[in-house]
Amino acid sequence: MVISALREEAKLENPELLKSYMRRGYWSVRPLADEVDFRLRRSYKKRLRLNPTAPEGCKKSTIGNLRSGYRSTVHPDTAQAICEVFGIPVEGLFLVTNSNVQREVGASVR
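Take the sequence shown: its letters are residues 881 to 990, numbered as in my numbering.
One or more of the hints may lead you astray.
As the list claims (entries may be wrong) - Here are the simulated PhoX-like pairs of lysine-lysine, each with C-alpha atoms no more than 20 Å apart in a straight line:
(1) Lys899 with Lys939
(2) Lys940 with Lys926
(3) Lys891 with Lys939
(4) Lys891 with Lys940
(5) Lys899 with Lys925
What the hints contain is simulated information worked out from the structure, not anything from laboratory work.
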């Protein structure tokens with residue numbers, strides 16, 4: 881059986897721009913991750929009702945990997961929380977996209 885689902889993701893357009901916002905607001909990785917985590921956890925139950933794949937929080941490695949360019953995508957809720965901390969719209973840092981994901985579930989017949 882093939883299951884189809886809609887997946888949202890936010891792609892960081894430019895890690896240098898994230899570094900710039902962090903420098904401008906005197907944010908280092910750890911305090912920024914703590915603030916984003918606080919904002920996500922505060923609204924977790926409400927977001928979970930709307931979207932079962934909502935992230936519970938944000939780890940320091942997520943912010944560090946975005947900043948270094950090692951990682952470029954996050955959940956849209958995480959992107960929203962990051963941009964709220966900086967006081968900018970999501971479109972200022974991230975490109976939010978939707979895609980259809982299909983996967984096969986169950987035992988394959990040979």
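Here's how the hints hold up against the structure:
1. The hinted pair formed by Lys899 and Lys939 meets the criterion: a straight-line CA distance of about 17 Å does not exceed 20 Å.
2. At roughly 23 Å between alpha-carbon atoms, Lys940 and Lys926 are farther apart than 20 Å, so this suggested pair is violated.
3. With a C-alpha separation of about 17 Å, the suggested pairing of Lys891 with Lys939 holds against the 20 Å cut-off.
4. The hinted pair formed by Lys891 and Lys940 meets the criterion: a straight-line CA distance of about 18 Å does not exceed 20 Å.
5. The hinted pair formed by Lys899 and Lys925 fails the criterion: a straight-line CA distance of about 30 Å is larger than 20 Å.
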